[in-house]
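Start from the sequences, fold in the hints, and give me the full structure.
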Amino acid sequence: MNLSHHILPFLFPTYTWLRKTKDKKVYLTFDDGPIPEITEWVLDTLAQYQIKATFFCIGDNIRKHPTIFQRIVKEGHQIGNHTFNHLNGWKTPTEVYLDNIMLCEEQIALHSPTKTFLLRPPYGKITRKQAKELQHKGYEIIMWHNVTKDYDQTITPKQCLVRGLKNIKKGSIIVFHDSIKAQKNLQTSLPQLIESILAKGYHFDIL
Numbered sequence: 001m002n003l004s005h006h007i008l009p010f011l012f013p014t015y016t017w018l019r020k021t022k023d024k025k026v027y028l029t030f031d032d033g034p035i036p037e038i039t040e041w042v043l044d045t046l047a048q049y050q051i052k053a054t055f056f057c058i059g060d061n062i063r064k065h066p067t068i069f070q071r072i073v074k075e076g077h078q079i080g081n082h083t084f085n086h087l088n089g090w091k092t093p094t095e096v097y098l099d100n101i102m103l104c105e106e107q108i109a110l111h112s113p114t115k116t117f118l119l120r121p122p123y124g125k126i127t128r129k130q131a132k133e134l135q136h137k138g139y140e141i142i143m144w145h146n147v148t149k150d151y152d153q154t155i156t157p158k159q160c161l162v163r164g165l166k167n168i169k170k171g172s173i174i175v176f177h178d179s180i181k182a183q184k185n186l187q188t189s190l191p192q193l194i195e196s197i198l199a200k201g202y203h204f205d206i207l
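Following full-length UniProt numbering, the numbering of the sequence shown begins with 1 at its first residue and continues without gaps.
Read the hints as simulated data drawn from the structure, not as lab findings. Virtual Cβ for every residue (Gly too), placed ideally from N, Cα, C. Some hints here could point you the wrong way.
As the list claims (entries may be wrong) - Across the chosen pairs, the derived CB separations fall in these ranges: (1) A47 with T94: 36 to 44 Å; (2) W90 with Y49: 32 to 40 Å; (3) T21 with D99: 29 to 37 Å.
To be verified - When the alpha-carbon atoms are kept at most 25 Å apart in a straight line, the in silico SDA-like pairs for lysine to any residue are as follows: (4) K91 with L118; (5) K170 with G76; (6) K91 with E133.
Printed below as a string of structure tokens:
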């Protein structure tokens, strides 16, 4: 059983696991960038298929690679917050965690004209108190319907693809990673996933 399809949305109903839509839309998301080795390839691939995605960026990576971040924005993709230092909310005091999110927001604001209120907690780990504080500030906690686990170097690109396509439906949120660890699986499975989903009559949108 995939917990993100069944149990977790029931336990945490105020988080977004599936985007409500009447249209055949699915939502590609990318965590952990921007980095030059991978993010630019992702952008080139998305441009090839003329689709848009949502990038949950680490603030420190924005600081290191502002030009790549600006390209994400310029090409019409959506930005989300993934904390400044990729913090595990379960292991981080609430005040420290919230401050780290604000540091990421500062980096986003330096290089993007639009403020984001989308947050994906690294590892999917956030305490109820942290989430409540952020939702009070207007943030939407974005989780997922499908995690490809492209970062897991013990699985094959085929397994990654199968995970990404499992139980695809209207509103599915799919997680990839524009990170070094994900490179092998990502570069094989992403084009295949895009083509398979398009062939099913879906189209891609930003969250």
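Structure-based check of all given hints:
1. A47 with T94: 36 to 44 Å: holds, 39 Å
2. W90 with Y49: 32 to 40 Å: holds, 36 Å
3. T21 with D99: 29 to 37 Å: Between T21 and D99, where Cβ atoms are some 34 Å apart, the hint holds.
4. K91 with L118: Answer holds: K91 to L118 is near 21 Å, not above 25 Å.
5. K170 with G76: holds, 22 Å
6. K91 with E133: holds, 17 Å
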